[in-house]
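All residue numbers for the sequence shown refer to this note's numbering, where the first residue is 880 and numbers rise by one.
Calculated directly from the structure, the hints in this document are not laboratory data. Being a predicted model, the structure only gives us computed values, none of them experimental. Ideal placement from N, C-alpha and C gives every residue a C-beta, glycine not left out. Hints should not be assumed to be uniformly reliable.
[Unchecked claim] Label pairs and their computed distance ranges (CB to CB):
no.: 1; residue 1: I963; residue 2: A906; range: 32 to 38 Å
no.: 2; residue 1: W899; residue 2: L1054; range: 17 to 23 Å
no.: 3; residue 1: Y956; residue 2: A906; range: 38 to 44 Å
no.: 4; residue 1: T1033; residue 2: S924; range: 37 to 43 Å
no.: 5; residue 1: D897; residue 2: L1047; range: 36 to 42 Å
no.: 6; residue 1: K964; residue 2: T916; range: 21 to 27 Å
[To be verified] In silico lysine-lysine, DSS-like type, Cα no more than 30 Å apart, as pairs:
no.: 7; residue 1: K887; residue 2: K973
no.: 8; residue 1: K973; residue 2: K1042
no.: 9; residue 1: K908; residue 2: K961
no.: 10; residue 1: K893; residue 2: K908
no.: 11; residue 1: K961; residue 2: K888
no.: 12; residue 1: K973; residue 2: K961
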Amino acid sequence: MFAPEVRKKICSPKTDGDSWLEVHREAHKLGLPSNATILYGHLESIYDVIDHLDQLRNLQDETNGFLAFIPVLFQPYNTMLKDIKPFPFSYDLKVHALSRLYLDNFPHIKAYWITLGEKAAQVAFHFGVSDADGTIVSEKIIHDAGARSEIGHTREFFVRMIKDSGYLPIERDALYNELKVYD
């Protein structure tokens, strides 16, 4: 989240948004692609989300170095913000759909199933998502904050999840080179 006031409250010891953008600008100039994220569902307004997307869109117009955008749903359960009221599921879908529409210059929008859960990730495919983020063997950070999804899944799980969503699963590498199509 690039909004300075929100950033101070949710991740104050981390680098500021301008520095983050500059690091990615330099990486892209060196030919190193990267991904971008947004942590949403905490203290932000929809205007903060739009500002975040706008800054990413502008940098992508300049460098064309981002491969994917990943909206990450905040997990409050074991944090200092554990008492905030969760946003409704419709907000998740709005963030994903808005991301796809606003970031039309990003090749991929990911559904981060670890924070969304399987069913919500499946629905997100119908709101502009093109990637389920891959087979993470054992995720700990999000689960330490209270995520209730499985810690990891197999390739077979993702093939079934994507097919059950009505889409064609395509295995890819980190640079989005297609490795296998699952008809």
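Report task. Against the structure, test the hints numbered earlier, and report the numbers of the ones violated in rising order. Result -> 3, 9
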